[in-house]
Each structure stands twice: as C-alpha cells, then as structure tokens.
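Peer 1: Start from chain A and add chain B with the ligand according to the hints.
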Amino acid sequence: MTHHLTPPISIEEAKKLQTGDKVLITGTIYTARDAAHARLMNEKEIPFDIEGSVIYYVGPTPARNGEVIGAAGPTSSYRMDELAVPLMEKGLRMMIGKGDRSETFREKMIENHAVYLIATGGAGALLASKIKKRTLIKYEELGPEAIYKLEVENFPCFVAYDVHGNNIFKRSHS
Amino acid sequence: MREIDLSEVTEKIKETLIRINHELDDSLVTAFNRAKDKEKDDLSRSILDDIIQNQDIARKGSAPLCQDTGMVVVFAEIGSDLFYEGNLDEAINKGVSEAYTDGYLRKSVVNDPFDRINTKDNTPAIIHHKIVDGSQLKLNLASKGAGSENMSKVVMLKPSDGIEGVKQLVLDTIFDAGGKPCPPLIVGVGIGGNLEKSALIAKEAVLRDLDDESDNETIRAMERDLYEAINRLGVGPMGVGGETTCLAVKINTFPMHIASLPVAINIQCHSSRHEVIVL
Ligand code: SF4
Chain A
132 MTHHLTPPIS IEEAKKLQTG DKVLITGTIY TARDAAHARL MNEKEIPFDI EGSVIYYVGP
192 TPARNGEVIG AAGPTSSYRM DELAVPLMEK GLRMMIGKGD RSETFREKMI ENHAVYLIAT
252 GGAGALLASK IKKRTLIKYE ELGPEAIYKL EVENFPCFVA YDVHGNNIFK RSHS
Chain B
2 MREIDLSEVT EKIKETLIRI NHELDDSLVT AFNRAKDKEK DDLSRSILDD IIQNQDIARK
62 GSAPLCQDTG MVVVFAEIGS DLFYEGNLDE AINKGVSEAY TDGYLRKSVV NDPFDRINTK
122 DNTPAIIHHK IVDGSQLKLN LASKGAGSEN MSKVVMLKPS DGIEGVKQLV LDTIFDAGGK
182 PCPPLIVGVG IGGNLEKSAL IAKEAVLRDL DDESDNETIR AMERDLYEAI NRLGVGPMGV
242 GGETTCLAVK INTFPMHIAS LPVAINIQCH SSRHEVIVL
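Just so you know, the sequences run in chain order A and B. When you read off a place in the first sequence, starting at 1, and then add 131, the result is the number in the numbering used here. When you read off a place in the second sequence, starting at 1, and then add 1, the result is the number in the numbering used here.
Isolated chain B (complex conformation):
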C-alpha cells in the first residue's frame, strides 16, 4: 500500500491546466513549422504563421493560447495498491475550479442542456476511471475545446464495410467539418467496442503522443494512409485550402460483437492541450 494526499492531486491538476493552456508541446510546434515549410500558398502559410506566433505569445503568459479553454477531460488510472483518504473526483474538480478561476481561463461549462446556466468555475470535469495494477495514480488530462468536439461523431458501421468503409467515413467527416474545427487537426479514431467504448478509445487516441504509431501493423498502415489521404483533401489550415489538413491520425481499437463495427471519430484542433500527470 502506498498513500497519497489528495491535496497533491488538486495542486497538480491546477498547475498543469494553467500551463497547458499557455504552452503547447514542442512536438506540436515542430509540426506547425514543418507544415508551414511545406505550404506553397501565401494565405495558408500566413494562417500557419499566425498559429506559430500565437503559441510564442501565449508562452509569455499574458493570455492563453485560445479563448476556448475547453471542458476538462481526465482519464484516471488508479493503482489497486494506492490508498488515499477522501474523494478523488472532488479533488480533481477542486483543481479544475482553482485553475480556471485563479488562472484567468474561460468558464465554458453550463449546468443543464436547456437551463444552460454557467457553473462559474468550469466544473465538473469529465472523469473516466480505470483500476490498474500497481500503486501509482496516472491522470491523463486535456482541456478540450468545443469547436472540434462538435465536429466529432460515432457511427455504427456494418462489419462488411471493412477497412475501406472506415477510411471513407473518416475522410467524409473531416471534409464536411471543413474549417470549423480549426485545422490542422489531430484525428483520433476509435474502432470497435460498442457505442460508448468506441468514443472513449477515440478520445484516448487523440491524446497519444504526436509521433506515437500503433503497434499493430494493419492499424499502423491505416494511420499512415489516412494521414496522407486527409491531407490530399485540401481542406487546409482553417479550411482555406492547402497542403496540411491534419498533423497526425491515431487509431485505437477494441474487441466487438460479431454483428458490429462501431467507429468514433474524435477531432482535435491544432490547440491540442493535454498532459499526463503521474503521482
């Protein structure tokens, strides 16, 4: 048994959320620069240049990267040999509340689908729990904006639709979304499970490291093919046309029913703000 104090969780969540809303990961900045070098069109280049300049300015701390500082999503892996006193979700939400209030982030959460009253501190976070072996607490957290989330979807394909059916669905989804989800994108695809499982693994997929590739040969080939095919769509930065529509495609899979082929597509904008905390 290992014991942790939940106040540590609150503190760490707060600090991380404020930081990721101001500083993008270096791998992403490298990808922006690479995209800009590839771009021949002045207008598309100019948009990529805005994105690069923006993260430079945000890093200095006067304002966050984007005004949509998102709703917080947390994948919590809780070691079965870990002990803590109190309520983990409360500790996480306290960290969210403090980050969004003290860190000058936008409170974008409303209480109810129809009353739509702002909860004033960006809580609750959406928290998914998994009990794993060991004595660690791993929190994979993201500030997810609505522009790209609104263009995401789950579709129940037929098993006979196969690889080509899945690819076509992804391409159609990205093409139809156009400039709305703020391309260049990171595209997370969840294949398998059931309705909710496909969506969960698609969300986990967008949170993978930018250069991470699937261990499965078929899936890795699909990730690469889709990356090329999406960029051939010509949607381009902010939808104005161009060479780069996506920076990466990540696919996660899960076993499923003999009669099902669920596919979830979770779209992540260029302002990809996430980090893994291990305590």
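So here's chain A without its partners, still in its complex pose:
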C-alpha cells in the first residue's frame, strides 16, 4: 500500500502505517545526524516545531551551483538510537534512515507512537531530486551535519518499524 503524507503527522496517521508500506512525503522535513543530535541534547528548546515532525538522518554532499542539495541518501540510524528517545518524547513522529535499530529503541518508539521509515541507502542522487528547497535552521558550523529544513515532493520511503511493533528486517528471517 502507498500513503501520501504531509507533515506534521498525527498519531492517527501514524497508526495507519504498516511495515512494508510505501510512503511518499510531500512538505517539510528536518535533517539531523550524529553531531546535531548530540547538540540538541543540550538545548532548552528544539529549534523547530517538533510536534508531529519528521527527521531525516542525512549528511549531503555540497550542492553544485544551481542545485538545491548534493547527494542526499540516508545514513545508518542505529547511531542515533539513544539520542532520539528524548526527541520522540517531545513529539517527533517519524525518522528516516537506513538499517535496523536496537530492540530497546523499537519499544520506546511504540510507547511514543513514532514510526521509523527507511529510504534506499546509496540512492543519494535519486533522493536529492525529490528535495525542492533547503533552509538552514541551526549549527551551520557542522557543515553537512547542520540542521536544515527541507521541502520535499513525493520523497520515497518504506515503513520499517510501525507503531504496532512490526519490523521490516524480520520479514523473511523468521
């Protein structure tokens, strides 16, 4: 099944997503990976509207002249597991990355009605072509690891962990 979603994502919308479904996101998502997550821990306030938001784990290549962004595929999500818990507690609804995450994290996700999506790893040029606008939010000094607001159109992802406890990486191993 394919879902067309526009953030912010409500808990009701999150509940409709099933592991293995395709999701096309149109609208606003935020970038953050290792260094930005570490810094957010020390912030009193998250520098964007976190309720129902979507964070994309990405560190793009520099944009060529006239392009919005360089290659922008997902990075491995497991490194963000611990640091993402407080964000989910504040209202973060979806995360986009690649690869599996810890069981503890998956349980925390269910508690917080959060959904984990994967985008195709290594498809940096394809995913960049779905990003229409990019605005710096914070930590410019982190270069590719800074927090950006991205406007995306039909950004293709797959539901990896849904709020019902299903896991895409266990589909064929059981």
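Honestly, the hints are just simulated from the structure, not real lab data. A quick note: this is a predicted structure, and the numbers were derived from the prediction, not measured. A virtual CB, placed ideally from N, CA and C, is assigned to each residue, including glycine. Treat the hints with care, as some may be off.
Reference listing, derived: stretches of chain B covered by chain A, where coverage requires no fewer than 3 residues with Cβ under 8 Å from a Cβ of chain A [to be verified]:
{"no.": "1", "segment": "46 to 56"}
{"no.": "2", "segment": "63 to 71"}
{"no.": "3", "segment": "105 to 116"}
{"no.": "4", "segment": "197 to 204"}
{"no.": "5", "segment": "210 to 220"}
{"no.": "6", "segment": "250 to 260"}
No more than 20 Å apart at the CA atoms, straight line, and that leaves these computed lysine to any residue pairs for SDA-like [unchecked claim]:
{"no.": "7", "chain 1": "A", "residue 1": "Lys301", "chain 2": "B", "residue 2": "Gly235"}
{"no.": "8", "chain 1": "B", "residue 1": "Lys154", "chain 2": "B", "residue 2": "His129"}
{"no.": "9", "chain 1": "B", "residue 1": "Lys108", "chain 2": "B", "residue 2": "Ile127"}
{"no.": "10", "chain 1": "A", "residue 1": "Lys280", "chain 2": "A", "residue 2": "Ala194"}
{"no.": "11", "chain 1": "B", "residue 1": "Lys41", "chain 2": "A", "residue 2": "Gly274"}
{"no.": "12", "chain 1": "B", "residue 1": "Lys121", "chain 2": "A", "residue 2": "Tyr270"}
{"no.": "13", "chain 1": "B", "residue 1": "Lys108", "chain 2": "A", "residue 2": "Gly274"}
{"no.": "14", "chain 1": "B", "residue 1": "Lys41", "chain 2": "A", "residue 2": "Arg195"}
{"no.": "15", "chain 1": "B", "residue 1": "Lys15", "chain 2": "B", "residue 2": "Lys154"}
{"no.": "16", "chain 1": "B", "residue 1": "Lys95", "chain 2": "B", "residue 2": "Lys41"}
{"no.": "17", "chain 1": "B", "residue 1": "Lys61", "chain 2": "A", "residue 2": "Thr133"}
{"no.": "18", "chain 1": "B", "residue 1": "Lys15", "chain 2": "A", "residue 2": "Arg302"}
To give an idea of the chain B side of the interface with chain A (calculated C-beta under 7 Å), a few residues [as the list claims (entries may be wrong)]:
{"no.": "19", "residue": "Ala59"}
{"no.": "20", "residue": "Gly148"}
{"no.": "21", "residue": "Cys183"}
{"no.": "22", "residue": "Met239"}
Peer 2: Okay, now just chain B with the ligand, sitting in the frame of chain A:
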C-alpha cells in the same frame, strides 16, 4: 628508465575520483537489473529500482551516487624502472583534495580518533605501495564508504576450522550486518597471511572485476558456494528480505603460519566506486 611527471598523477586521480562518484561500471548496472528481474517481492524490487534509477540520475552529473563519497584507498604498484621527481603520496593526496573540493564531493575524513576535526579536503588517502617489475605506475583506487566498511572484520580462526569454518564466519558476518552496509553487496574475503595481510588482500578482493573468478579451483568453488549461500540468507536489498543479498564473492589468499588461519571480510556496498589507472 621511464620518467613521468607527478602532476599527471594528480590530474588523473582528480578526474577519476569525480567520475567514479557519478558513474557506476556497466557490469554493476547489469547485475542490478538481473537482480531486479529475479526479485518477486514488490518491496525488494522497488528498492532495486531506486538503485537503478539513482545511477541514471547521478550519471547526468547533478549529484554524486551517494552522499558518502568515502575515504580514498589506493593500491599503488610502482615499476622499479620508473622514475619521477617528488613525492608520489603528495601527488595522490593533491588529486584527492582537488577532486573532493572542486568536484563537490563530501569531505568525510577527520584528523584524529578523538579530536575528530574534519581535514576539510578528504585527505589523507590510505595508500599501499608495492614495488613491481617494469616501468609502469598502476593505481587501483576506490572511494570507500563507511557504512559497509564498519561492518567488515578480521578474525583469527584455527587451522582446523577449515573451509567450513571460513564459510560460516562469512555467512554470520553478512547476516549480522543486515541492511546496514547497503546490500546488495560485493563481499571480499582475505584468507591467510597475518592480521594485516588478510585485511589487505580482502580489500584487494572487493576491487576485482565483477565477473572475475579465482584461478584456484578450491577457491573458485568457495566463491560460488558462498555466493549462493549468502543469497539464501534472505537479507535482501537494504535488509528488507529478498533474493539478492550479494552480487559477487571474491576471495584472495596468501601463505600463512602453520598455527594460523586469519580471515578478513571486507564488505562493499552496491555503490562500488573504483577504477584502475595505468600511467
Ligand atoms: S554503505 Fe555505500 S551506498 Fe550505503 S550509504 Fe554508505 S557508501 Fe552509500
């Protein structure tokens, strides 16, 4: 004696790195298409389709194949009858620096394990030297991403573990890595030597041509068996399950101590960016 100008090396390294970060080898694209045809599951097919579309878009030049444009690895074979003035490593690093700066590639190298300050031009490259006969300079170079490198390992097995022990280790490693190293993979295995030699020959193994098979009958059979066995693991494209977990298995070997059986497994993601330059 033959003389070359090191500025040629810099130029060639620069041009090659920018190109391989935008264009995958045709043999790899054929392998992606073959994998897609084999795949029955919609989700797994859809991921392979993203990978195929991605390399089409990257080829047009607006963005590289992957945002992790890697750390550069070079195997340099230097002919003993070759003469050049200056420092070869400096010339290579200058090419890397120019490629990553002028070519809009991501600078992913930090200076120190704990300070972790970005060196800002993706240098230094990791350079391995070998002096060989002749008057050529051969540079086998790769942009190696961290996602797949992080799932690689060296294990010191016992000689009695034998072929089956090595195969099991490879299968466990690929299964445990799951979707993290961006399958479908190319799996390089180095068997023999010692700790560092096994890792070096495993890295050389992942850089072999996709359709190259070992000359040694036993090893060739192991490459084929492991290829089948890895694909039976069902890890699938990006770990979501499916028919294709690896596109090839390459094994290189080296003599070793009577008491040792070192095995290195170097995992290469589908974005396999490498080329051989001969000057
Ligand atoms: S593992 Fe390879 S394809 Fe995946 S993100 Fe890293 S470099 Fe890119």
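Peer 1: Look at each hint and say if it fits the structure.
Peer 2: Taking the hints in turn, this is what the structure says about them:
Coverage of the segment 46 to 56 of chain B by chain A holds [criterion: at least 3 residues with CB-CB distance below 8 Å; count 7]. Under a criterion of three residues with beta carbons nearer than 8 Å to beta carbons of chain A, the stated coverage of the segment 63 to 71 of chain B is upheld, 8 such residues being counted. Evaluation of the coverage hint for the segment 105 to 116 of chain B: fulfilled, as 4 residues show C-beta separations to chain A shorter than 8 Å, against a requirement of three. For the segment 197 to 204 of chain B, the assignment as covered by chain A is violated, since 0 residues bring a beta-carbon within under 8 Å of that chain's beta-carbons and 3 are needed.
For a cut-off of 8 Å, the count of residues in the segment 210 to 220 of chain B with a CB near a CB of chain A stands at 0, and the three-residue condition is violated. Counting residues of the segment 250 to 260 of chain B whose CB falls under 8 Å from any CB of chain A gives 0; the rule of at least 3 is not met. Restraint check for Lys301 (chain A) and Gly235 (chain B): satisfied, since their Cα atoms lie roughly 10 Å apart, inside the 20 Å limit. Straight-line distance between C-alpha atoms of Lys154 (chain B) and His129 (chain B) comes to about 19 Å, which keeps the hinted pair within the 20 Å bound.
Simply put, Lys108 (chain B) and Ile127 (chain B) have alpha-carbon atoms about 15 Å apart, close enough for the 20 Å limit, and the pair holds. Between Lys280 (chain A) and Ala194 (chain A) the alpha-carbon distance is near 15 Å, which keeps this suggested pair within the 20 Å criterion. A hinted pair counts as satisfied when its Cα atoms are at most 20 Å apart, and Lys41 (chain B) with Gly274 (chain A) does not qualify at roughly 41 Å. Proximity of Lys121 (chain B) to Tyr270 (chain A) is assessed by CA-CA distance (about 17 Å); at most 20 Å being required, the pair is judged to hold.
Annotation: proposed proximity of Lys108 (chain B) to Gly274 (chain A) holds, straight-line Cα distance about 10 Å (limit 20 Å). Note on Lys41 (chain B) and Arg195 (chain A): the hinted pairing is violated, with a Cα-Cα distance of about 38 Å set against a maximum of 20 Å. Of the pairs offered as hints, the one joining Lys15 (chain B) and Lys154 (chain B) is violated, with about 30 Å between alpha carbons and a cut-off of 20 Å exceeded. Taken as a hint, the Lys95 (chain B) and Lys41 (chain B) pair is broken in the structure, with Cα atoms around 47 Å apart against an allowance of 20 Å.
With a CA separation close to 29 Å, the supplied pair Lys61 (chain B) and Thr133 (chain A) exceeds the 20 Å bound. A C-alpha spacing of about 43 Å is found between Lys15 (chain B) and Arg302 (chain A), which places the hinted pair above 20 Å, so the restraint is violated. The restraint placing Ala59 (chain B) at the interface with chain A holds, with a minimum CB-CB distance near 4 Å, inside the 7 Å limit. With a cut of 7 Å, the hint placing Gly148 (chain B) at the interface with chain A holds, because the nearest CB-to-CB distance is about 6 Å.
Nearest Cβ of chain A to the Cβ of Cys183 (chain B): about 4 Å, under the 7 Å cut. The hint holds. Below 7 Å, beta-carbon pairs count as interface contacts, and Met239 (chain B) has one with chain A at about 6 Å; its hint therefore holds.
Comparing the model with each earlier hint shows violations of hints 4, 5, 6, 11, 14, 15, 16, 17, 18; every other hint is respected.
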